[in-house]
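Novice: Residues per chain are reported as follows:
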Amino acid sequence: MTMKPSLKIEKSKLRLPETELFGPGSRACAGCGELLAVRHALKATGSNSIVVSATGCMEVISSPYPESAWKTPWIHSLFENAAAVASGVESALKALGKSGIRVVVMGGDGALADIGFGAVSGALDRRQSLTYILTDNEAYMNTGIQSSGTTPYGAWTTTTPAGAVKKGKETPKKDLVRIMLGHGVQYIATASIAYPIDLVNKVKKAVSVDGPSFVHISCPCPIGWHFPPEKTVEIARLAVDTGMWIIYEVERGILRITYKPDRLKPVRDYLVLQGRFEHLSDADIEKIQSDCTKSYENLVNRDGKSLI
Amino acid sequence: MGRLEIMQGGAAVANAVKNCEPNVIAAYPITPATIIVESLAEFVADGILKAEYINVESEHSAISALIGASSVGARTFSATSSQGLALMHEALFNASGLRLPVVMVVANRALSAPLSIWNDQQDSISQRDSGWIQLYAEDVQEAVDMCVQAYRVAEDPKVLLPAMVCMDGFILTHVYEPVEIPPLEEVRRFLPPFNPKNKLIPECPLSFGMFADPSFYTEFKYLQHTAFMEAKKTIKKVASEFCKSFGRDNYGDLIQEYRTKDAEVVLVSMGSLIGTLKDAVDDLREKGIKVGVLKVRSFRPFPSEEIYNSIKEAKAIAVIEKDISLGLGGALLLEIRSELYSKPKKPITLGFIAGLGGRDIPKPSINRVVEKAFAAAEGRKAKEEVEFLDLRKEMI
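Residue numbers (my numbering), protein chains in the order written: chain B, 1 to 308; chain L, 1001 to 1396.
If you're looking for bench data, these hints aren't it; they were derived computationally from the structure. Careful, some of the hints might be misleading.
Listed below are the simulated PhoX-like cross-link pairs for lysine-lysine, each with C-alpha atoms no more than 20 Å apart in a straight line [as the list claims (entries may be wrong)]:
1. L:Lys1261 / L:Lys1345
2. L:Lys1199 / B:Lys94
3. B:Lys204 / B:Lys43
4. L:Lys1050 / B:Lys98
5. B:Lys71 / L:Lys1383
6. B:Lys167 / B:Lys287
7. L:Lys1158 / L:Lys1233
8. L:Lys1315 / L:Lys1287
9. B:Lys71 / L:Lys1199
10. B:Lys204 / B:Lys174
11. B:Lys205 / B:Lys167
12. L:Lys1199 / B:Lys98
13. L:Lys1315 / L:Lys1236
14. B:Lys173 / B:Lys294
15. L:Lys1346 / L:Lys1363
16. L:Lys1363 / L:Lys1343
17. L:Lys1290 / L:Lys1372
18. L:Lys1050 / B:Lys94
19. L:Lys1233 / L:Lys1261
20. L:Lys1278 / L:Lys1290
21. B:Lys98 / L:Lys1197
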């Protein structure tokens, strides 16, 4: 399937930059979705940036001393403090009179949406010029697939197991975009590794914002979602094609859905490929379908309009 | 030479820090450290200090922001206390492991529960193993001077460790004392600009904070430990240079000895209690009682040799401290006892837990400690292994 952007993209933006700022030979699992997200995001941030990573899969696979995959200056401190560390980096650059360097915060759903969320909120409140790249694989994968705030409804994880009385995660995914809107973030986007040009263009926009910006990227994880590693991109695309993951941007409060499938595929197509949903009954899938349709329509109806 | 002014402790320390020209300050309010960062916020607001001031949402983020700032090559500062320091715990280890010379004033305060805003030293003592240099000030002037010295020590390329300047909450932070603020020009001469070899810059993309597997981790810790051993020498050198450059009387480096030469009993402590101890000792000396004071100025690195040389001829020592490792005893006492174990001379060691949660330690109580120490020296065994000084037994 080819990408059909709802808005015109300039020709120069239809090609991926050739620069690779994430070196080959990292320890990522075969089929790692997060790795694709980071690799493409770095193409957009460019070499004149400093990356602050939170503890997580990406930090572990990219930095086993003395080998590093990072070709930008890079710092990892702790799990929950990436936004605060980045705040310090940004302030120091200002204090030392170094302009033009963009500070990028990279973290997973645990780091940026759960344990480190307080630090994100504080840095947003201060309007620090940071770009947050949330690589969302929908659970704590580095520690072995535990439920997080962005784990979707019904998903099996090791801490939301499907048993005789429980059917996986009992609450839906946190809506990070709305939380960002609540902080007055001027550029917010969601992206998918299945649509890399869209992803790169969004990150490019995000790093050019004077102030905070946020890009939430869906990153399928073969280990945690239970699917064969060669299906990563297929599953990422199905998420978009079923409406389970909508790619859009919110610029100064105005919503723009950057890709709308002609017709949504049934969510079942997406769910059945993943072992984490295999315990779901027809009725459960029906509920997920109904919730998905509702939120998709809700968003489509607001396309081009203000969300504030 | 600066001029003598009457200033509140917290404000005085802020003035000294201002003259060290930190590039980034990150802070979160907590009593009694707040006045330090409030003063610095005013300096920044007035343009007297050109620094980025980050109002963070927690102490954990305060220290984290300084980790980020220091890794870019900025000189950094924060101040905190008690629960705030405890909340920083995780990141303290990280700052040290990353070898970032952050300087922070700790306004020593008790830890909850029960909640207490008043002074003791449980907060910083509890961070003993976090990899921070810990210096304890006796009075406001020493706290002021210690800030300048702390930057010099911490930023020394052979050291590169973060440093805490510990000053007793309220007793020093809120007291008004005549102090001399090290003048800006003189501080500039004494403290070279911070320019670390390794920093985050796009021209030379380094990776900070990588993970180390079992074949590398130990060596990182060894190097940190070596840096602490190096810091012992640096603290001595910097303290002596400081006193010469700024015309101060010598108030010690790793330790300070007060009338210990022929002392049969030596009182050992840290922080503001030292002033009271010296005063009590002066009174006792007038009565011909041979007693002295040992001030431990650096708790980490721990000056084992210096302490031993200072107490080895005494018959007994009494360690009076404002902290307790519950279930065992006072932390300072334990360190000294462990040091004596391998040494030929072993004065009797008595431990007193005092001043917890801000309880006053008056001179009569100190006199009782001295009496007990002499009694022990004469062979009478102390009743309790760990004695809580001035314990209100009627309440228990």
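Novice: Which earlier hints can't be squared with this structure?
Specialist: As far as the earlier hints go, 5, 10, 11, 13, 15, 16, 19 are violated by this structure, in ascending order.
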